[in-house]
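These are the residues of each chain, in order.
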Amino acid sequence: MTESRALIDLSISEAAAAIRRSETSSVALTQATLARIKETEATLQAYAAVPAELALAAAERADRELAAGHDRGPLHGIPIAVKDNCYSKGIRTEVGSKVYAGFVPDYDATVVEKLYAAGAVVIGKTVCHEFSCGGSDPPTRSPWDLSRFPGGSSIGSGVALAARSAFGAIGTDTGGSVRIPASINNLVGMKATYGRVSAYGVVPLAWSLDHVGPMTRAVLDNALMLRAIAGHDPKDANSARAAVPDFAAGIDGGLPGARIGIDRGYFFYPGVVDSVRAAAEGVIEALAALGADIIEVNLPELALTRETLSTIRMVESASYHRRQIQEKGHLYSPGTRATLEIGQVVLATAYVAALRARERFRAAMKALFKRENLDALISPTIPVPAPLRADVWQPRDDMEDGETPTDGFVHHVYPANLSGQPAISAPAGFSPDGLPIGYSLIGRPFDEATLYRIAYAYERTQNWHERQPPQVYPTP
Amino acid sequence: MPRANQSAGLEKDTDALAQLAQWLQLKVAPEDLAALSKQLRVIDELEGDALQDYPPILRMDADWHD
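Order-wise, the sequence lines are chains A and B.
When you line the first sequence up against my numbering, it's residues 1300 to 1775, in that order.
When you line the second sequence up against my numbering, it's residues 10 to 75, in that order.
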């Protein structure tokens, strides 16, 4: 039997193989993960709920099924964490808010249902910003540096993975909330094509921008998770009918003929700090060395993504929360409430104009991909490594226009939410002070497989993703 | 639009949003309303730019390959 500490370091694919070689079991993986949670939670506070007994029962069931020859695939018996905005039957779901205090759903979100169907063990519910918007201040801390911003709004999912207290995690991404914590925590995060993963049973932030996505420590693991959770869901009106391929098949196909665009004017604007710029350039050079064609492009429409997305988000959030705020407004934290209700003053005509602007942006993006025959656009995921927690909303000293770190985040991540294109963030290196840096690829709708193939090819050239945060193991 | 007029226009927009927020009994900070009026001005200017040619619906299509 592999030792507990070594178990929690395994990737999903490694753990799955070890189970099948009878070197470990789902129960052993689950016990090791629960022990790790116990070891780290007092400091990191990544979890909102840890239903240990349910998890161990699920692990025992997984082992019994495998012993009987019923193999549900690579997630069978693997402990996976789920963001606390996803309904989970019998497990407390509070969405980071007093409004949902003590709420226990009587049904599962489709993504949770699919995890169970794939044999996964739901190890716990991870902390999120209140209602997945940035107006609250969760207690979760970064294992890379306790004083640094740990990401958001899938904050607990990112920290749990980095701390080795889960093998994979579910996040949601309306304005970067899978990719930002992935970048900050040295992880792989996929915001798949809009509608690729059902959002049924997920408390919405903005229905036409919300995406559910997998977060992992390695690219192959992410591809395995996406296959398990993707697919058409008649219970979600926005669910896509696209077929779900085996994203892992052909992932090692290399980059012959890959065409990767780079809009330096937008994604390498002056807000990108030197360490991030150098790391992203390093990825681009490596991909070119692997055979990809790097094409300089210019998409002026990127400049208006923030205003367009913000208008849509504000109105859709206000619409969802209006009645609830009237009845339970005192239970919202003030910052969240302000963020969620300001959209009530946006005129309907402005909302429709923003929807039209989105379609114009999507059309421009599509024309660019067709004209240049692109497989992906590449960029740093965010312009800076994790800022100090106190600085996230403060103007940066190195920017003259009062730009905050949060402004930089949305500048880089909003375009893919607005267009609905798939976008992946993966490790690109580290800053001089040891903070992770991520890069992103934005792809064609329903072509996540190409993004995985490119990211996997790069991952094999280095070992950034294996580097662990200093807080993972307590100093002896 | 001359800068002075533009600034006055934004102030007028912000005042209108503040009145609406007050009527709806919302607790919204003045600086948030000022930022929102700037944002909406951008959207308003876009409307004059052939936006009517684009439908206000989200369409995810897979035909991005040649």
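Be a bit skeptical, because a hint or two may be false.
[Unchecked claim] Which residues of chain B face chain A? A few of them, derived with a C-beta cut under 7 Å, are:
1) 18
2) 19
3) 20
4) 29
5) 33
6) 39
7) 43
8) 49
9) 52
10) 55
11) 56
12) 60
13) 63
14) 69
[Unchecked claim] Have a look at the derived ranges for each label pair, beta carbon to beta carbon:
15) B/58 x A/1356: 57 to 63 Å
16) B/65 x A/1340: 53 to 59 Å
17) A/1672 x B/40: 44 to 50 Å
18) A/1573 x B/34: 46 to 52 Å
19) A/1363 x B/38: 39 to 45 Å
20) B/34 x A/1694: 29 to 35 Å
21) B/71 x A/1356: 37 to 43 Å
22) B/43 x A/1388: 23 to 29 Å
23) B/65 x A/1366: 52 to 58 Å
Think of the hints as simulated: they come from the structure by calculation, not from any bench.
We treat Cβ as the ideally placed atom computed from N, Cα and C, and that holds for glycine.
Against the structure, the hints come out as follows:
1. 18: violated (15 Å)
2. 19: Given a least distance of 14 Å, the restraint on residue 19 of chain B is violated.
3. 20: violated (16 Å)
4. 29: holds (5 Å)
5. 33: holds (5 Å)
6. 39: violated (11 Å)
7. 43: violated (12 Å)
8. 49: The hint holds - residue 49 of chain B has a Cβ within 7 Å of chain A, the shortest such distance being about 5 Å.
9. 52: holds (5 Å)
10. 55: holds (5 Å)
11. 56: Interface hint status for residue 56 of chain B: holds (5 Å vs cutoff 7 Å).
12. 60: holds (4 Å)
13. 63: holds (4 Å)
14. 69: With Cβ-Cβ at 5 Å, under 7 Å, it holds.
15. B/58 x A/1356: 57 to 63 Å: For residue 58 of chain B and residue 1356 of chain A the Cβ distance comes to about 59 Å; the hint holds.
16. B/65 x A/1340: 53 to 59 Å: violated (45 Å)
17. A/1672 x B/40: 44 to 50 Å: holds (45 Å)
18. A/1573 x B/34: 46 to 52 Å: holds (48 Å)
19. A/1363 x B/38: 39 to 45 Å: The hint (39 to 45 Å, Cβ to Cβ) is violated, given that residue 1363 of chain A and residue 38 of chain B are roughly 56 Å apart.
20. B/34 x A/1694: 29 to 35 Å: holds (32 Å)
21. B/71 x A/1356: 37 to 43 Å: holds (41 Å)
22. B/43 x A/1388: 23 to 29 Å: Since the Cβ atoms of residue 43 of chain B and residue 1388 of chain A sit about 45 Å apart, the hinted range of 23 to 29 Å is violated.
23. B/65 x A/1366: 52 to 58 Å: holds (54 Å)
This entry does not satisfy hints 1, 2, 3, 6, 7, 16, 19 and 22, going by the numbered hints stated previously.
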